[in-house]
Amino acid sequence: MSARLLGVMLVLLVALGGGALLMRQQAASQKPAGEGTLGQPVFKGLQASQVAAVAIRQPKETLTIAKKDERWTIAERGGFPADLDKVRDFVVKAMALKVGQSEPIGEKDRARLLLDAGGTAVELQGADGKPLAQLTVGVKYFKVAPENPEKANGDGRYVMVPGDAKRVIVVSDPLSQVSTRSADWISKAGFAAEKVKILDVRFPDASAWKIERSGDNADWKLIGARADEKLEITRANAASYSLSLIELADVARTDAKPEDTGLDKPTVITATTLDGLVYTLKVGKPAGDSYYATVAIAGEPKPEGKDAEERLKKINERLPREKALGAHTLLIPKSKLEDVLRNRADLLAKKEEKKK
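Count the sequence shown with my numbering and you get residues 289 to 644, in order.
Treat the hints as calculated values from the structure; they're not laboratory data.
Only true hints are included.
Simulated crosslink set (BS3-like; lysine-lysine; CA at most 27 Å straight-line): (1) K332 - K428; (2) K454 - K396; (3) K381 - K431; (4) K611 - K553; (5) K476 - K381; (6) K624 - K545; (7) K553 - K573; (8) K386 - K374; (9) K601 - K483; (10) K476 - K553; (11) K348 - K545; (12) K386 - K428.
These numbers come from a predicted model, not from an experiment.
Could you put together the complete structure from these sequences and hints?
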């Protein structure tokens, strides 16, 4: 090979190498900003076991779910129990958040996506109360715009991490649990006044009614019934059974006043059970689809019958939790109480019309 030919080949190789380098540089410059972070965890190096509290802050409301004495509770609701499954699910999902998209963002778009002061700030805290991770959660992300964005689930969420206010991240989880509504976090487990023996209902206007029975399978009797009055047994059964499994809708704020909740002049429901317990339920004003209420439980369980031992075990398992409800103002769904809040006349069977 001549020296001239070798020189030409070297020039060509240098030219080709330079062209390839230029193409790589051009391709890199054309990549979307932040592409290197795609698929990366939003919270790097954080483990679920480190999280001891979740603080959610919105412009007018704050909710703090914290682990206390091995239980998750809601600070702003007087330490009311949180739903363990919901808390655990949220923390696990937060750990799994990954960058789906990452784009530059300006001030106007931050406001539009609620990633400014009008958004929702989420802070994961350690046992010492110090922040482990923070995130600003904005509006839901949709691949295709829905008819009703407020009610639609969303295909993800726009979020922003502190220290990078010029970049928006899209995660694939809609983060529907990010809410300062206590109803979205509380344990809905209420109380169970089972096997009611005596049911006494007294209304604020001084009207009242009382039914009782001698045993679990005995017929109900209306106390003070006149000779021409007959109790409608199905309605008596419905009233007593409605208290056998009460689930909660929400719990009121600790600063709720009796005159605002109607608990200064309540309807008082007293249910005495065959097991020896007395449930006193005070029902106040309606709030949406619920009633404000309080519950107090007295007596010692003394079940009888073949299954007495098993029943006593189950009652003693739930009784401490039920009695703890007495420290809070509850919100109970109207549907759970409508049968027991009937007036006296509605408990009576219709009189048969005399044939002419």
